[in-house]
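Novice: For reference, the chains in residue letters:
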Amino acid sequence: MDFDDTAEEAAFRAEARAWLRANVPTEYEADLRSSPFGRIALRNRDIVAASKAWQKRKAEAGWACLHWPKDYGGRGASPIERVIWQQEEGIYSKLSSLFIVGHGMCGPTVMAYADEAQKRRYLPPLAAGEEIWCQLFSEPACGSDLAGLRTRAEPDGDDWVVNGQKIWTSHAHLSDYGILLTRTDPTVPKHKGLTMFFLDMRSPGVEIRPIRQGDGQAEFNEVYFTDVRIPDAQRLGRPGEGWSVALTTLMNERLSIGAVMPTGFPEMLAFCCTPGPDGRAPVDDSAVRKRLARWAARSSGLRFTAQRSISAMSRGNMPGPENSIGKLVAGTMMQEIAGYALELMGPAGMIAGGQFQAMMLRSPATRVEGGTDEILRNIIAERVLGLPADIRVDKDVPFNQIARTG
Amino acid sequence: MDFDDTAEEAAFRAEARAWLRANVPTEYEADLRSSPFGRIALRNRDIVAASKAWQKRKAEAGWACLHWPKDYGGRGASPIERVIWQQEEGIYSKLSSLFIVGHGMCGPTVMAYADEAQKRRYLPPLAAGEEIWCQLFSEPACGSDLAGLRTRAEPDGDDWVVNGQKIWTSHAHLSDYGILLTRTDPTVPKHKGLTMFFLDMRSPGVEIRPIRQGDGQAEFNEVYFTDVRIPDAQRLGRPGEGWSVALTTLMNERLSIGAVMPTGFPEMLAFCCTPGPDGRAPVDDSAVRKRLARWAARSSGLRFTAQRSISAMSRGNMPGPENSIGKLVAGTMMQEIAGYALELMGPAGMIAGGQFQAMMLRSPATRVEGGTDEILRNIIAERVLGLPADIRVDKDVPFNQIARTG
Amino acid sequence: MNFDFSDEQRELRDQVRRFLAQHASPRSAIAAGGHDPALWRGMAELGLLGIAIPEEYGGAGAGYLELCVVAEEVGRALAPVPFSSSACLAAEFILQAGSEAQKRAWLPRLADGTAIAVFAAVEGVGDAAPDRIAATVSGGRLTGIKSPVLDGGVADLGIVAARGADGIGLYLVDLRGAGVARSGLDSMDPTRSLVEIRFEGAPAEPLGEAGWDTVERMLDRAAVPLAFEQVGGADRALEMARDYALERVAFGRPIGSFQAVKHMLADMYVSATLARSNAYWAAWALATDAAELGQAAASARVSATEAFGHCARNNIQVHGGMGFTWEFDCHLFYRRAALLATALGGPALWEDRLVAQLRAA
Amino acid sequence: MNFDFSDEQRELRDQVRRFLAQHASPRSAIAAGGHDPALWRGMAELGLLGIAIPEEYGGAGAGYLELCVVAEEVGRALAPVPFSSSACLAAEFILQAGSEAQKRAWLPRLADGTAIAVFAAVEGVGDAAPDRIAATVSGGRLTGIKSPVLDGGVADLGIVAARGADGIGLYLVDLRGAGVARSGLDSMDPTRSLVEIRFEGAPAEPLGEAGWDTVERMLDRAAVPLAFEQVGGADRALEMARDYALERVAFGRPIGSFQAVKHMLADMYVSATLARSNAYWAAWALATDAAELGQAAASARVSATEAFGHCARNNIQVHGGMGFTWEFDCHLFYRRAALLATALGGPALWEDRLVAQLRAA
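Chain order of the listed sequences is A, B, C and D. First residue of the first sequence: 1, per the numbering used here; consecutive thereafter. First residue of the second sequence: 1, per the numbering used here; consecutive thereafter. First residue of the third sequence: 1, per the numbering used here; consecutive thereafter. First residue of the fourth sequence: 1, per the numbering used here; consecutive thereafter.
This is chain A alone, in the form it adopts within the complex:
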């Protein structure tokens, strides 16, 4: 058990560090550090332009999408090298949020299912941040129950014609391409009638509308499809195989390990240790200490659980569903922390705009996006502990005969 690098790891780290020292856009450092939870803003430059520029610079030097093959714009690095890179990139990784979905989910899906020419066409610009991708899976009527989606794709000559609506699509309005899960056969059970495509987000009939959130932000979009034509050549996997293609996509989500979800704990610790005008700090109160200690232990528990995952990966194990722990714990913890911070402020907690107020309003989304707390507990129970799946009443029923909302 040790945190030291092997000789190879140390060499890799030195190389990364040297390149970073010479190349990171230090002009954004202060803004990146002070960005409140979930919102990155730069004073002097558009965040999209800055993100693209940084990604491009990394790609040109071979530091983009480290674990992808070199032929597709990556570096062919090991998982542990990827973690080292993340550690060294540090605060500047905040500039990559625009690419997380594309690099983490769309790219691997394209890599697994597209033909060679397509891979050479689409992956390098994706790696280099020249083109942005989004993922079009969720729908208003199906959140946790993804396979219940209704967006139809019907064959028409060499094309498919798509009609329907997607929701919760991050960065749809900035995206050049998207991967799209559709229903191509409603007469078979729901998991069997799905097909995956990728499409040009500027195709006629695609309409994007931002979703205004309860916290006033708009991080996600609704995307409407009206007679949108997609060439059959942009199908990923066979017709009816869409569910297993989607599972590939979602499985890759879990590969983004090593990164610990924000919990609000460092902010809370700092807040509690800061004395007020009367010289007393919240931490002087034993009720506050009790809660801080519990959160501290959960926080370090998450950090070292991630470390254990990295070690498991470096031994060749796939990161498992046990990583669902991270979001499950972090989401609830941030909501608790924010609520308690507001309590400690007394009536001043009613004033919006502070970091804890922002966390308070944003944290409910964390507990839902990318899998609700309840779905995550199911995943842990079923895939880690081996408990039976929930009873499924819709499993062998043709999709068009399943009960639906409303």
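These are computed hints drawn from the structure, not numbers from a lab. Cβ atoms here follow ideal geometry from the backbone N, Cα and C, with glycine treated the same way. Careful: at least some of the hints might be erroneous.
[Said to hold, decoys possible] Computed spacing ranges between beta-carbons, pair by pair:
#1 C:E239 / B:S78: 30 to 40 Å
#2 A:D4 / D:G179: 44 to 54 Å
#3 C:A360 / B:A10: 22 to 32 Å
#4 B:G90 / D:R141: 54 to 64 Å
[Stated by the list, open to error] Computed, partial: chain B to chain A, Cβ under 10 Å:
#5 N163
#6 G164
#7 K290
#8 R291
#9 V393
Dock chains B, C and D against the given chain A, drawing on the hints supplied.
Specialist: Quick look at chains B, C and D alone, frame taken from chain A:
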């Protein structure tokens, strides 16, 4: 909204108080007050004998089973009069724990299903504490899923012959009679093949063994039936109707309102307010105050929820499943309180025998007996909030084709 | 012995519920700065604003139980009006502590809705406490900064805690008068306004005798209807979640058939019920001036804050992604829960008050 | 970078697990007063009792990581032996603070199991603290009462905290010698003995330099393997619950198919996993004498206490009525969890230590 008695209520209270003042066995008062949670012991007299004597005295004066008809040993009193009686009887009601099951569940079932001669034979001695009754429902393989019971009763001439095993039977070893739920037809779905009887607990073939609990006590028994013969005349309800008879029994359980489950809060408050040798009391610590306040609010919440139930009853409403709240909250709360008290004691908490140590060891049973926390949440969700029942895979399946443990 | 509201009080509740269902629109009040003057006038016309104010001062003279009934409905409807500030707190302060002249001057106007009054004690971070009050009154002039002041953006009269010759006391200040400057703050609950008020020699007239004890006794009284407002909000959040759980289908069945959702809702019901029972106790204590009012008020407040927070949070969770959109009302209840949790002092203050009462009892 | 036990350490774990599965029988130790001498001898023969004691003092000289591996298995098997007292705490105290003569006198005997040593600091209710220690040493003689002393019923040597000429210090006392009287206490966990020890002029020899700081540093070191013992118990309780949930059928299906049970188990897995990760951190800090040892040890202790309590409690709940019978082992884990929660000081002590470290960091 007021806590004052109406004129009639005040008169009834005065009468009860006067009788009690003249008749309560004050010689036990100190012992009853100091009895630790769940264990009543008298220094100078056998608790069973003392309980029977007190019950007998009450019955002779018309103060037993207040809401039963006079013909069967009761008083024909209103629900609110019953509550007033409980309030006035106070600490001495601890002497009634031996009769709770008999008066609260067996008696009402006999009253609803036995013939007139049986009611006149069995109910008055039950009311007077001369005969003790128990309830034989649960089995090792069926706890929450009561209708999954397997004890067989097969007709043989004018008798039924019973084989099987019951468990969690309070006071079986002290009981004269019991009500017994059996399976008489395993070829029909499980709720449809049950039949209820009452039997003499001294019948040949009945064997009673105490269950040693995790806390070292033995409040419950296992009861084994080997070719026990029960006359058909002691059947309660028609063959196959046992489930609805049992529901009558269980419904009556809820009538024992007004009584608030013990939570350990008064003991905890006293403990926290008692200064140690250094003059400091736990309550001087703000972390302790925070928890005390939350428990205090839950505790008064339970008390006044019970008051609201009483008011609803006095308006003629049946007490509903919302009373499940009491046990759900009290059980968890006692476990929390006991655990925290032990924490506050530090290593001295490791020494068994204290009141909180006893609570710590007993409270897990509270969260299970008479309905687990999970079953209670289901009851609240389904019967109060109107949410759908769990999906039942065994509903229309013949009992002998249902999956079973092991 | 009857621990429930009377038939007349239940009728009042139904009437207020119907009225608010028809007229209260939290969303339209957001743009208007957190107040709906038309709704306020409507409530005044129904006699709701002065429901606990004696008839001699222009009120309906109904009583505190009725006040609690209305407060619960205000919470349930998320009504964008300064009911808790003006009709519950300020009216009660003036009624309890005011001189005859002050009562005659202000209570009729609070009752008919032509004046709105608010309580201004806090100065920055932390609950109000004597050693945290820097505002001073000298020669009848108030100087200092109060922030945040709930509903302060729409108020005419301030009841301001400040340090005078005899120590901390309460003062009546005309907020439309000289020496008063308000600046708006961004409110966690945009259906209720929040401001900073800067007093620079504003004319101030003492309300009652000085002493923080008096203030605390007043706060106990104001906490009771506030707890009802929270209970109303908790109940409505629970209802919304229940309805959605019955309607929304996933995996071929209503999500309310999954135990995870069922049990979440059962727990919400439990905390809402305990809060309601404590609130009833406090209402009884307030109406009868019972010795246990302090304990009952603190219990109600602790319990209601816990319940509203819990129900508002889980209401969003049951709604999933939809619960997080601006279009669904879930976030408005969540925001209101956060606002009311610290209005009149945060949980720690009420927890400590409750334990102090238990020790004294 | 490898944040896991090595292959050799995992092999050791498997070996110890097999050995304990075969030989540890908590139930049979209950009648014997909370200790199994045969098991203790077997562990000594395998070199487990002196696994972290250097070879020069008769130990295996393996290291702290190995000590933690063994401690986890002791917890998982609910082994009825004073491993945490003697092999983890006392051996480490003597190794860190003892004179060469003391090390030579005692470490070989602790390693081969012929002597058992325990820590005696507490005197009645409350965690050990300098102002709560009344026992005194004067002229090499100890007088005072220590209660409760964990594993004290089977111990030969006491490491006793007492007030001497230079303040609070630790003293070695032969518990089989003169001036020592023990009386048994009823233990929450009857597989571990608990006694009161009365010292009346018992010969006492100083161990290391006086000062409470030293004691605290020692406790940090002893807390790490103790956390592993808790993690082992938590993991086993989770496993038992999982297995029962798969096996027990109700309503025609395994109870583990109900979300209420699934999610309870998922939450147990979460807390057990967080505790394990913290324990690994602390083991690394102990093995490398890292500056963050204090923080890591407190984190491990806080996390492990929470996890073991949580898992032991819910294990009973999953087992329903069966979980509450004497025959099922559930209550033994629940009792052990309660015992270990306050051994070495209760949660509040470790929470405060953790926060103190965070503030200093």
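Novice: Now tell me if each hint is right for this structure.
Specialist: Hints and how they fare:
1. C:E239 / B:S78: 30 to 40 Å: holds (33 Å)
2. A:D4 / D:G179: 44 to 54 Å: This hint holds: roughly 51 Å between Cβ atoms.
3. C:A360 / B:A10: 22 to 32 Å: The hint (22 to 32 Å, Cβ to Cβ) holds, given that A360 of chain C and A10 of chain B are roughly 30 Å apart.
4. B:G90 / D:R141: 54 to 64 Å: About 55 Å separates the Cβ atoms of G90 of chain B and R141 of chain D, which means 54 to 64 Å holds.
5. N163: Given a least distance of 32 Å, the restraint on N163 of chain B is violated.
6. G164: Check failed: Cβ of G164 of chain B comes no nearer than 29 Å to chain A, outside 10 Å.
7. K290: holds (4 Å)
8. R291: holds (9 Å)
9. V393: holds (7 Å)
When each numbered hint is compared with the structure, violations occur for hints 5 and 6.
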